[in-house]
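Undergrad: Could you build all of it, start to finish, from the sequences and the hints given here?
Single-letter residue listing:
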Amino acid sequence: MTAVAHERASKPIVKRILPPPVTGQELVLVGVIAVLWVLLGIFTPSFLSPSSIQPLLVSVAPIALIGVGMTFIIITAGIDVSVGGAIALCAVVTAKLLVNYDVPLIVAVLVSMVLGTVLGLINGTLIAYGRVHAIIITFGTANIFQFFALRVFGSSTVNGIPSTLDVFGRGESGRTLGVPHSFAITILVVLIAWWYLRNTAGGRHLFAIGGNENAARLAGVKVQPRVVFAYVATGALVGLGACFFIAAGTSTLDQGVGAGRELAVIAAVVIGGTSILGGRGSVIGTLLGAILVQTVNSGVTQLGWPSQLANLFVGIFIIIAVGTDLLRERARRSRA
Amino acid sequence: MLIRKKVLAFGALALTAALATTACTSRDDTGGGGGGGGGGDDKVTVAFVPKLQGVPYFEAMNAGGKAAAEELGIEWLYQGPTTADAAAQADIVRSFIQQGVDALIVAPNDPDSMAPLLQEAADAGIQVGTSDTDAPNSVREVFVNQASAQGIGEGLTDALLEAMGGSGKYAIVSCGETAANLNSWIEVQEAYTAEKYPDAEIVDIVYAGEDQAAATSMATDLMNAHPDLTGLVGECTSSAPGVAQAVSDAGKIGQVFTVGLGTPQSMKPYIEDGSSSASILWDVEALGYLTAWAGLQLAEDNGFEATNDVSDDLPEVAFDESNKELLLGPALRITSENVDDFDY
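Protein sequence lines, in the order shown, are assigned to chains A and B. Heads up: the first sequence begins at 1 in full-length UniProt numbering, then just goes up one per residue. Heads up: the second sequence begins at 1 in full-length UniProt numbering, then just goes up one per residue.
By construction, these hints were calculated from the structure, which means they are not laboratory data. Careful: at least some of the hints might be erroneous.
Said to hold, decoys possible - Looking from chain A toward chain B, a few residues come up when the C-beta cut is under 8 Å (computed):
#: 1; residue: GLY160
#: 2; residue: TYR196
#: 3; residue: ASN199
As the list claims (entries may be wrong) - In silico negatives: residues of chain B with every beta carbon more than 12 Å from chain A:
#: 4; residue: GLY100
#: 5; residue: PRO111
#: 6; residue: PRO116
#: 7; residue: ALA122
#: 8; residue: ALA149
#: 9; residue: ALA200
#: 10; residue: PRO227
#: 11; residue: ASP273
#: 12; residue: ASP312
#: 13; residue: ASN323
By construction, the Cβ of each residue, glycine as well, lies at the ideal position given by its N, Cα and C atoms.
TA: Here is the structure:
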C-alpha cells in the first residue's frame, strides 16, 4: 500500500522536474510566424529573400538577447524598465572607446559587458535586499543611467564609428553561411538559457520565486542571490546587446539609441508567453516574440501599409498574450 | 553590513548625480554671469528653449547664439529638455517667465500647447518669438525661419532627382508622424516632384521616429518591397544617415541614391562612399546667431525692416511682415565639396 502510494507520488515529481521542452504557446507562435512569412512571401516581392530576412534577424538579435535576461527577471515576478538607459550608457561608452581611444573591438565589447553587469548588480541588489518593487527601483535607475549616458555623450553625437562592428552582422563580413553573427550568438545564448532554466536547480528556483516567493524561501531557495543573478545576467546581456544596437545603426551614435528599447524587450517577452505575474515563461518564446514583432514591423513597411499599423498589431499581440495568460491564471485559481 | 554599504554607496551616487544636474542647469541658466534676473543689470537677456538639449543640431544653434551674445553685448540663456517632451519643455519656459527674461524664444515641441504659455510670457511683459519650429496660432512677435518649406522641399527633390537622372521611383523615410515641419516639406516634395519631374514617383512614405536603427531597417524593407526603387530620402537627422547606411549595407551604392536632412559630420562617411548624394540643411550656427539678434531687436522694440543687416555673414535677412517671419536664407546643399566646412 505504502509502496504503491510512494510510486504514484514519485512519478509526477520526475515529470515536473523536467517540464516539456516546448510548450503549446511556443508552437502557436511558430505557427503564427510561419503563416505570416508565407503570406508576406506571397504578397510582397521579396520578403523571403536573404536581403530581407538577414536584416530582419539583425534587428531581432539585440531585442531577443536582452529579452533572455528580461525573461529570467519576469519569471521571478520582477521587471526591469532600466534597460533603455543601460543600453544608452553601454553604447556610448563602447562607441567612445572605439572612436576616441582606438580600443580593439573585443576589449570594447568586454568593457560594455562589465559595465552592463555592474548596472545590473546595482538594480538586483537594490531590488533583492532593499525590498522595493522592481518597477520603482528600475524606473529610478533608468533615469540615472540615462543621465550618465547623456554626460558621456557630452552634448554631441559620436561620429565615425569604425566598421569593425560590422562583424556583428552587417554586410558580408558579418555573416557565416548567410547567418548574421549577432543572431547566431543570440541563438547560442537562448539555448544555454533554455537549458539552464529547464535542467538546473538555479533555473527552477527562478520559477519557484516567481510562483510564490515565501514558499520558495521556506523550501530553502536562496531567494535574494537568485534575484540578483537575474538582474546581473540581464545587465551583461545589455552590454553585449548595446554593441549589437550600435552595429545595427549608422556610423553615428545619437542619444536616442536606448529610447523605448525596454518596452520593445518587454513586448517580446510577454508575447513569447512569459507570465507577467511571474512563475512561468520561456526564453524560446521570447526569441519567437522578438521575431514576430520584427516580422510585423518589416511586413507593414514591405506591404506599403501605413507605419502606425505596426503599433496596432504589436499592441493586439500583447493584449492577446497577456489576456490568455490572465485567463489561464484565473481558471487555475477558480479550480483551486 | 555589506548590503547597507551598497545602498549607502548608491545613495551617494544618486546624490552626486542630482548635484551634478543642478550644477549643470544653473550654469546654463546664468550664461555669461551677472545673474539670470534680467532686470538685474543693463544687459538684455535673451532666453532660447530648444526642443531638446544635447543634440548636435541645437548645440550648434547654441554656439551661434553665444557668438552673437558676445558681439552684440547681450546675455544668452540656453536650456532645453533632455527628451523632445512638450511637458518638460513647458516647465523650462515657465522658469524663464519667472526669471523675467527680456526676450524668450522657443522651438516648440508641441506648437499648440506652447501657445498659452507664450501668452502667459507676453502678459508678464516678456517679448516672445519662435525659432526653428513655429507656433503659428500664438502671440509670438517673430518666427526665425531656417529656410522656407519650399526651399527645403525643392532642394531635397532637386538633389535627389539629379542623382537619379530625373526619373524613377523613390520613397521617403520620415520621423515623427505629427512633426509639422517635416510634413510641410513632404507636401512640397510631393507637389514639386509631380510638377517638375513627371517621370518620377514617390511610392511610399514611412515613419521611423527618431530612431536610427528603425530608419535603417525600414529603408531596407522599402528596397525589398520595391525592387525598382532608385531613390530614398531621409527626412530628419536620424533617418538621413539611416537610409544611406541601408543602401551601403545592401550593396546598392550607385543603384539606389539617397539624400536627406543630416548634420554634416554624421553624413560625411556616407557622402564620401557615395551612399548619400547630398545633405540639405542650413547653416545652423547662423540660425542661432539670427535667433539671438532677433531676441535683442524684440527686447529693444526696434522692429524689423524688409531686409535686415544682421552681421557680416548675414547682410540681407528678409522679414515678411504678413506672417512676421525672418528668413535665414536659401537651403544649403552639403556635398563632398563643402562637408568639411562644418564642425557639427
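Undergrad: Can we confirm that no CB of chain A comes within 12 Å of the CB of PRO116(B)?
TA: holds, 28 Å
Undergrad: Since ASP312(B) was said not to touch the interface, does its Cβ keep a gap of more than 12 Å from each Cβ of chain A?
TA: Given a closest Cβ separation of 27 Å, the condition holds.
Undergrad: Minimum Cβ separation between ALA122(B) and chain A greater than 12 Å?
TA: It holds; ALA122(B) is separated from chain A by about 31 Å at its closest Cβ, greater than 12 Å.
Undergrad: Was ASP273(B) rightly flagged as not at the interface, with every chain A Cβ beyond 12 Å?
TA: violated, 10 Å
Undergrad: Would you say PRO111(B) is clear of chain A, with no C-beta pair closer than or equal to 12 Å?
TA: Given that every Cβ of chain A is farther than 12 Å from that of PRO111(B), nearest at about 21 Å, it holds.
Undergrad: Once the closest CB in chain A is found, is it more than 12 Å from PRO227(B)?
TA: violated, 6 Å
Undergrad: Taking the minimum C-beta separation from ALA149(B) to chain A, is that value above 12 Å?
TA: holds, 22 Å
Undergrad: Would the hint on TYR196(A) be counted as holding, given a Cβ-Cβ threshold of 8 Å to chain B?
TA: Where the cut-off is 8 Å and the nearest Cβ of chain B is about 26 Å from TYR196(A), the hint is violated.
Undergrad: Say whether it holds or is violated: GLY100(B) keeps its Cβ farther than 12 Å from all Cβ of chain A.
TA: holds, 27 Å
Undergrad: Would you settle whether the hint for GLY160(A) is holds or violated, based on the nearest Cβ-Cβ distance to chain B being less than 8 Å?
TA: Holds, because the Cβ-Cβ distance from GLY160(A) to chain B comes to roughly 7 Å (cut-off 8 Å).
Undergrad: Is the Cβ of ASN323(B) more than 12 Å away from each Cβ in chain A?
TA: holds, 31 Å
Undergrad: Going by Cβ atoms, does ALA200(B) stay more than 12 Å from chain A at every point?
TA: holds, 18 Å
Violated hints, listed in ascending order, are 2, 3, 10 and 11; each of the other numbered hints is respected by the structure.
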